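Enquirer: Sequence:
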Amino acid sequence: MTILYIKILCIFIIFILVIGAFIYVRVRKQRNTFLMVEQSQKAAKLYDEFASRGFFYSSKDDAFYSTEDAPQSKFGNCQLYDDTMPLIGTIVDCEPIQFDFDNRHWLIEFWKGQYGMASGCQIGVYSTSNDTIKGPGFHGSFYESPDNKECCFISYTLKKKNKTLLSHASKECFSAGLKVGEFSNPSSLALKVCLTFPNKKMVLPFVGGLKAAGYAANEYRVLFHNVTVHFTKPHTTQPASRTRVQEAIIQQGNRFDCNKYSKLTKNCSNTLEKLILLKNINTELYEKVLKSFYSKELYSNYETISHL
Numbered sequence: 001m002t003i004l005y006i007k008i009l010c011i012f013i014i015f016i017l018v019i020g021a022f023i024y025v026r027v028r029k030q031r032n033t034f035l036m037v038e039q040s041q042k043a044a045k046l047y048d049e050f051a052s053r054g055f056f057y058s059s060k061d062d063a064f065y066s067t068e069d070a071p072q073s074k075f076g077n078c079q080l081y082d083d084t085m086p087l088i089g090t091i092v093d094c095e096p097i098q099f100d101f102d103n104r105h106w107l108i109e110f111w112k113g114q115y116g117m118a119s120g121c122q123i124g125v126y127s128t129s130n131d132t133i134k135g136p137g138f139h140g141s142f143y144e145s146p147d148n149k150e151c152c153f154i155s156y157t158l159k160k161k162n163k164t165l166l167s168h169a170s171k172e173c174f175s176a177g178l179k180v181g182e183f184s185n186p187s188s189l190a191l192k193v194c195l196t197f198p199n200k201k202m203v204l205p206f207v208g209g210l211k212a213a214g215y216a217a218n219e220y221r222v223l224f225h226n227v228t229v230h231f232t233k234p235h236t237t238q239p240a241s242r243t244r245v246q247e248a249i250i251q252q253g254n255r256f257d258c259n260k261y262s263k264l265t266k267n268c269s270n271t272l273e274k275l276i277l278l279k280n281i282n283t284e285l286y287e288k289v290l291k292s293f294y295s296k297e298l299y300s301n302y303e304t305i306s307h308l
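Residues in the sequence shown are numbered consecutively from 1, following the working numbering.
Calculated directly from the structure, the hints in this document are not laboratory data. Only a predicted model underlies this, so the values are computations on that prediction, with no experimental measurement involved. There's no promise every hint is true.
As the list claims (entries may be wrong) - DSSO-like cross-link-like pairs, simulated, lysine-lysine; straight-line CA separation at most 27 Å:
1) 201 x 60
2) 60 x 279
3) 200 x 171
4) 45 x 279
5) 233 x 149
6) 163 x 291
7) 160 x 171
8) 74 x 45
9) 74 x 260
10) 211 x 42
11) 42 x 266
12) 211 x 200
13) 74 x 161
14) 263 x 42
15) 296 x 161
16) 296 x 42
17) 160 x 60
18) 263 x 74
19) 263 x 279
20) 60 x 266
21) 260 x 211
22) 45 x 201
23) 160 x 263
24) 163 x 74
25) 171 x 192
26) 171 x 60
27) 163 x 60
28) 260 x 279
29) 149 x 74
30) 60 x 200
31) 171 x 260
32) 296 x 171
33) 160 x 192
34) 263 x 159
35) 233 x 211
36) 161 x 266
37) 60 x 192
38) 161 x 192
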C-alpha cells in the first residue's frame, strides 16, 4: 500500500506541476502579447508625433528621413534662417548655391552638421521671381519652394569618417535625414549629393553657381541631367551668428545631451525603442529630441518676410 500511495502522490505532484507550467506559459504569453500591443501602440503614437514634424522612421538604417509634405518645405528659404540656426542649438555647415534660370533666381542649399541631439543633413531647392526685399530686421532675397514638377530627384549619402550615417533618395524640393543620439562636428561629416534636374538646361547655370561659390572641378561631376556634388568643407561665408565661442558652448551642450541619451537608452536595440523609453523616463530630454526635428523659432519670421 505504501508503494501505491507513493505512486499516487508522484502522479498528483506531476499533474500539479504540468498544470502550473501550463498556467505559467499561458500567463507569460498573454503578458508578452499585452506588452507587444502596448509597445505597438506607443510606436504608433511616436510615428504620428514625428510625422507632424515632417519625418518618418526607417528601420533599414535606424534613422529618420523627411516626408513629402514636410512642413519645413512650406517656409521657403532665406539667409535669416541660416543666421537663426546657431541660436536654437543647430551647428551646421551651410552651402547656398545661387544661379539664374528661366527668368527666376534659384537657390539650392546644402546643410550638414549637428541638429541639437541628432547628426544630419538637408538639401533644399528654392526659387523666386522677386529681387531683394527690405523689411524690419531683414534685407535680402526670399525664396519659395517651386512646384513639384520642378523639383529635383535628390539622392544623398552622409558619412562620418567613412562610416555611412544616412543614405536616401526621393523626388522633392526638400530632403533631410537625422541620426538621433549621434554627436558630430560639421567638419567630420561629408555629404555626397546627386541632383537629377527636371530640365537639362538647368545643369549649366547650376554648375556656374558651384564655380562662383568656389567649387573646383574635382568637387562635382556632371552626367547628362545629373550633377553630383561632394560637400566636405563649405566654400561660402558662414552665418555671422556662428562664432567660435557660440559654437563651442552649443556643441558642449549637444554632446552632453547625446551622451545622456546614450546612457539612458543603452539597453535598447534601436532608436524607436530608445525614444519610447526616453519619453517615459525623461520628458525634458525627449522634448529636446523633438526640437531637433522641427523648431518653430527657426521660422518665426516667416509670416513677416513672406508678405514683404
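Enquirer: Does each hint fit the structure? Answer for all of them.
Expert: Quick rundown of the hints versus the structure:
1. 201 x 60: violated, 36 Å
2. 60 x 279: Status holds; Cα separation ~23 Å.
3. 200 x 171: Given that 27 Å is the threshold and the Cα spacing comes to 16 Å, the pair holds.
4. 45 x 279: holds, 11 Å
5. 233 x 149: violated, 31 Å
6. 163 x 291: Distance ~26 Å between residue 163 and residue 291 Cα, so the pair holds.
7. 160 x 171: Status holds; Cα separation ~25 Å.
8. 74 x 45: Holds: residue 74 and residue 45 sit about 24 Å apart, inside 27 Å.
9. 74 x 260: Answer violated: residue 74 to residue 260 is near 33 Å, above 27 Å.
10. 211 x 42: violated, 49 Å
11. 42 x 266: holds, 19 Å
12. 211 x 200: OK: residue 211 and residue 200 at ~18 Å, within 27 Å.
13. 74 x 161: violated, 33 Å
14. 263 x 42: holds, 21 Å
15. 296 x 161: Distance ~32 Å between residue 296 and residue 161 Cα, so the pair is violated.
16. 296 x 42: This hinted pair holds, its Cα atoms lying about 25 Å apart.
17. 160 x 60: holds, 18 Å
18. 263 x 74: violated, 36 Å
19. 263 x 279: holds, 15 Å
20. 60 x 266: Holds, because 20 Å separates the two Cα atoms, which is no more than 27 Å.
21. 260 x 211: Not satisfied, since the Cα-Cα distance of roughly 42 Å exceeds 27 Å.
22. 45 x 201: Given that 27 Å is the threshold and the Cα spacing comes to 45 Å, the pair is violated.
23. 160 x 263: Holds, at roughly 22 Å.
24. 163 x 74: violated, 32 Å
25. 171 x 192: holds, 16 Å
26. 171 x 60: holds, 19 Å
27. 163 x 60: Holds, at about 15 Å.
28. 260 x 279: Given pair residue 260, residue 279 holds - Cα atoms ~14 Å apart, limit 27 Å.
29. 149 x 74: holds, 16 Å
30. 60 x 200: The hint is violated at about 33 Å.
31. 171 x 260: violated, 36 Å
32. 296 x 171: holds, 25 Å
33. 160 x 192: holds, 12 Å
34. 263 x 159: Satisfied, since the Cα-Cα distance of roughly 24 Å is no more than 27 Å.
35. 233 x 211: holds, 15 Å
36. 161 x 266: Holds. Residue 161 to residue 266 sits at ~23 Å (cutoff 27 Å).
37. 60 x 192: holds, 20 Å
38. 161 x 192: Holds - the C-alpha atoms of residue 192 and residue 161 are around 13 Å apart, at most 27 Å.
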